[in-house]
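> Protein chains in written order, with this note's numbering: chain A, 1 to 238; chain B, 1 to 238.
Worth double-checking, as some hints may not be accurate.
Stated by the list, open to error - Here are the computed lysine-lysine pairs in the DSS-like style, where the Cα-Cα straight-line distance is at most 25 Å:
hint: 1; chain 1: A; residue 1: 90; chain 2: B; residue 2: 30
hint: 2; chain 1: B; residue 1: 37; chain 2: B; residue 2: 68
hint: 3; chain 1: A; residue 1: 37; chain 2: A; residue 2: 188
hint: 4; chain 1: B; residue 1: 68; chain 2: B; residue 2: 30
hint: 5; chain 1: A; residue 1: 43; chain 2: A; residue 2: 21
hint: 6; chain 1: A; residue 1: 90; chain 2: A; residue 2: 68
hint: 7; chain 1: A; residue 1: 21; chain 2: A; residue 2: 37
hint: 8; chain 1: B; residue 1: 90; chain 2: B; residue 2: 144
hint: 9; chain 1: B; residue 1: 52; chain 2: B; residue 2: 90
hint: 10; chain 1: B; residue 1: 169; chain 2: A; residue 2: 144
hint: 11; chain 1: B; residue 1: 43; chain 2: B; residue 2: 21
hint: 12; chain 1: A; residue 1: 144; chain 2: B; residue 2: 144
hint: 13; chain 1: B; residue 1: 37; chain 2: B; residue 2: 52
hint: 14; chain 1: A; residue 1: 169; chain 2: A; residue 2: 188
hint: 15; chain 1: A; residue 1: 30; chain 2: A; residue 2: 52
hint: 16; chain 1: B; residue 1: 144; chain 2: A; residue 2: 228
hint: 17; chain 1: B; residue 1: 30; chain 2: A; residue 2: 68
hint: 18; chain 1: A; residue 1: 228; chain 2: B; residue 2: 90
hint: 19; chain 1: B; residue 1: 30; chain 2: B; residue 2: 90
hint: 20; chain 1: A; residue 1: 144; chain 2: A; residue 2: 169
hint: 21; chain 1: A; residue 1: 169; chain 2: B; residue 2: 90
Hints in this document: simulated from the structure, not taken from any laboratory.
Chain residues, written in single-letter form:
Protein chains: 2
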Amino acid sequence: MVGIGPGARDEISQRALDALKNSETIVGYKLYVDLIKDIVGDKQVIATSMRKEIERVELAIQEAQAGKTVSIISSGDPGVYGMAGLVLEKISQENVELPVEIISGIPAANAAAAVLGAPLMHDYAVISLSDLLTPWETIERRVKCAAAADFVIVLYNPKSSQREWQIEKTAHIILQYKSPSVPVGIVKDASRTNESVIITTLGRMTSHPIDMTTIIIVGNSTTFQYGKYMITRRGYQL
Amino acid sequence: MVGIGPGARDEISQRALDALKNSETIVGYKLYVDLIKDIVGDKQVIATSMRKEIERVELAIQEAQAGKTVSIISSGDPGVYGMAGLVLEKISQENVELPVEIISGIPAANAAAAVLGAPLMHDYAVISLSDLLTPWETIERRVKCAAAADFVIVLYNPKSSQREWQIEKTAHIILQYKSPSVPVGIVKDASRTNESVIITTLGRMTSHPIDMTTIIIVGNSTTFQYGKYMITRRGYQL
Numbered sequence: 001m002v003g004i005g006p007g008a009r010d011e012i013s014q015r016a017l018d019a020l021k022n023s024e025t026i027v028g029y030k031l032y033v034d035l036i037k038d039i040v041g042d043k044q045v046i047a048t049s050m051r052k053e054i055e056r057v058e059l060a061i062q063e064a065q066a067g068k069t070v071s072i073i074s075s076g077d078p079g080v081y082g083m084a085g086l087v088l089e090k091i092s093q094e095n096v097e098l099p100v101e102i103i104s105g106i107p108a109a110n111a112a113a114a115v116l117g118a119p120l121m122h123d124y125a126v127i128s129l130s131d132l133l134t135p136w137e138t139i140e141r142r143v144k145c146a147a148a149a150d151f152v153i154v155l156y157n158p159k160s161s162q163r164e165w166q167i168e169k170t171a172h173i174i175l176q177y178k179s180p181s182v183p184v185g186i187v188k189d190a191s192r193t194n195e196s197v198i199i200t201t202l203g204r205m206t207s208h209p210i211d212m213t214t215i216i217i218v219g220n221s222t223t224f225q226y227g228k229y230m231i232t233r234r235g236y237q238l
Numbered sequence: 001m002v003g004i005g006p007g008a009r010d011e012i013s014q015r016a017l018d019a020l021k022n023s024e025t026i027v028g029y030k031l032y033v034d035l036i037k038d039i040v041g042d043k044q045v046i047a048t049s050m051r052k053e054i055e056r057v058e059l060a061i062q063e064a065q066a067g068k069t070v071s072i073i074s075s076g077d078p079g080v081y082g083m084a085g086l087v088l089e090k091i092s093q094e095n096v097e098l099p100v101e102i103i104s105g106i107p108a109a110n111a112a113a114a115v116l117g118a119p120l121m122h123d124y125a126v127i128s129l130s131d132l133l134t135p136w137e138t139i140e141r142r143v144k145c146a147a148a149a150d151f152v153i154v155l156y157n158p159k160s161s162q163r164e165w166q167i168e169k170t171a172h173i174i175l176q177y178k179s180p181s182v183p184v185g186i187v188k189d190a191s192r193t194n195e196s197v198i199i200t201t202l203g204r205m206t207s208h209p210i211d212m213t214t215i216i217i218v219g220n221s222t223t224f225q226y227g228k229y230m231i232t233r234r235g236y237q238l
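Please take these sequences and the hints and turn them into a complete structure.
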C-alpha cells in the first residue's frame, strides 16, 4: 500500500518511488494512476473507477497471490481514508498469508495546511463528511464534540454532487460553538497544478465553491489570518 | 520550514531534499540536524537544544534578513507541533517581510500508523499531552470530547521525566468512554533505526514504557487486532 502524497511529483518519498519501480503490477483509482503514469510505464495496470475499492483490493490480492509484486496506491497517505485499512481488513477476514508493507505519504490535510500557513499547529480533529460508509449521526456527534472542545477541525469529503446538505449542516453545528469570524481555509487540489486556496471565515465558509477534492480547515479560538496565511497559535509567549 | 519526515532518509520528499541542498544555513534542534548531517555537509548550522524554539526562530529570521537562504527543520511535518506556526507567528508579530515556504513531511502520527497497520482509517483526533504551553484543563476537555465521540485518538508527547501523571490521567478519562479491551498502539521512533512497536489494550496501556518520542494511538469502537496489525474499520461491507 503506497501513498503517493498530495499530487506533486517531488512530494512523493523515495521509499514510495522505489516500491512503485520494484512492482510488477500497479493497482489504483484511475485518476491517481494517471498522476504517476511516467513511473508506471509499461507495468501491468489495474485501474478501476471510484467506489470500486473492494473490487480493487480483491484484484490486488489475487495478483499478489499469483506471485506478483503489487503496489496498491492511494493519494495522500494510504492510512488516512485510503486503501491500507481495506486491504488489511480483507486479509484478516480471509486469513490471506501475504507479506504486506504500508508506505506513508504526506496526507492531503497536511499538504492543505502547508499552503495555508500553519493552521494545524495545535490539537486537531480529522472528520470525513461522507455518510456513504458512516451513519450521519456518528459524523454529527464528532463534529459537535470537536467544535465543543475547540479543536482545529479538518473536513475531508465535504461535498459532492450527491451530498450537498452535509456541509451546510456541519457549518451550522460548528457555529453553535465557534465564532462566525473564525478563519477557515478551503484548499482544492493542494500541490497539484490546479491548486486553489481560499481563506475565509466560518460564517462565510459555505458560500465558496466546495467539492469532493476540497479540504476544509476550520481554526480554533486562537487561529488568526495574517495576509495570505492562516495561523493557529501554539501557546508561546512571544 | 522543512519537514524531514519521521526519520528514515528515504521517507524525506525530494522537495525537502532540494530545499535543504539549496539552503546556505540549516537551523534546527540538534537531534534533527544530526539525522540529516550528510545533507548538511559544511553548510552553516545553527543547532539549539530543546525548548529553545523561540531563539531558534529569531536566529533563522536574522540569517534570512541578512540575505541567506535558510532552512528551519522539523521532524515529521513542520505544521504539526513543529516550527511552521512559530515562524509565522513571529513574522506576523514583527511584520517581517520575507518570502517563506512550508514544505510538508510525513507526520510522526502517520509514520506510527503505518508500522501498526491501519489504525487511523476513520475520523481521528490528534492531541499533545504536553501542558507546557497549553493549560491542562484544555487538554483534558479535548481528551474527554474525543473519547466521547469515538474518535481514534493520537497522543503526542505523552510523557517525559517531568510530566508523568498526564498519561495516567488521560487513560483514566478515556476509560470512562471506551472499553479497556480497545487496541492501543505504542510506537517509539517510527521509521528510525531503533523503532519499537507494541500493540496492547487501553486497560494495559500505561504499564508499557512511554516517553517523549512515543506516539500512542488509541483505537475507536471498531478497531481490532489481527496478528501484528491494528486495524480500524472504514465501514465497508466485506
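> State for each hint whether it applies.
Comparing the hints with the structure gives:
At roughly 43 Å between alpha-carbon atoms, residue 90 of chain A and residue 30 of chain B are farther apart than 25 Å, so this suggested pair is violated. Restraint check for residue 37 of chain B and residue 68 of chain B: the C-alpha separation of about 19 Å stays at or below 25 Å, so the hint holds. The suggested pairing of residue 37 of chain A with residue 188 of chain A holds, with an alpha-carbon distance near 22 Å, which does not exceed 25 Å. Proximity of residue 68 of chain B to residue 30 of chain B is assessed by CA-CA distance (about 20 Å); at most 25 Å being required, the pair is judged to hold.
This hinted pair checks out: residue 43 of chain A and residue 21 of chain A have alpha carbons roughly 9 Å apart, not beyond 25 Å. With a C-alpha separation of about 18 Å, the suggested pair residue 90 of chain A and residue 68 of chain A falls inside the 25 Å cut-off, and the hint holds. For the hint pairing residue 21 of chain A with residue 37 of chain A, the CA-to-CA distance comes to about 12 Å; that is within 25 Å, so the pair holds. Distance restraint check for residue 90 of chain B and residue 144 of chain B: the Cα-Cα separation of roughly 32 Å exceeds the 25 Å cut-off, and the hinted pair is therefore not satisfied.
Taking the CA atoms of residue 52 of chain B and residue 90 of chain B, the gap is about 14 Å. The hint holds against a cut of 25 Å. Pair hint residue 169 of chain B plus residue 144 of chain A holds up; C-alpha atoms about 24 Å apart against a cutoff of 25 Å. A distance of roughly 9 Å separates the Cα atoms of residue 43 of chain B and residue 21 of chain B; the hinted pair therefore holds under the 25 Å criterion. Note on residue 144 of chain A and residue 144 of chain B: the hinted pairing holds, with a Cα-Cα distance of about 13 Å set against a maximum of 25 Å.
Of the supplied pair hints, the one linking residue 37 of chain B and residue 52 of chain B holds, its CA atoms being roughly 20 Å apart against a limit of 25 Å. Between residue 169 of chain A and residue 188 of chain A the alpha-carbon distance is near 21 Å, which keeps this suggested pair within the 25 Å criterion. Simply put, residue 30 of chain A and residue 52 of chain A have alpha-carbon atoms about 11 Å apart, close enough for the 25 Å limit, and the pair holds. Taken as a hint, the residue 144 of chain B and residue 228 of chain A pair is broken in the structure, with Cα atoms around 34 Å apart against an allowance of 25 Å.
A distance of roughly 43 Å separates the Cα atoms of residue 30 of chain B and residue 68 of chain A; the hinted pair therefore is violated under the 25 Å criterion. For a cut-off of 25 Å, the pair hint linking residue 228 of chain A to residue 90 of chain B stands: about 15 Å separates their Cα positions. Distance hint between residue 30 of chain B and residue 90 of chain B is fulfilled; the C-alpha atoms sit about 21 Å from each other, no more than 25 Å. For a cut-off of 25 Å, the pair hint linking residue 144 of chain A to residue 169 of chain A stands: about 11 Å separates their Cα positions.
The hinted pair formed by residue 169 of chain A and residue 90 of chain B fails the criterion: a straight-line CA distance of about 36 Å is larger than 25 Å.
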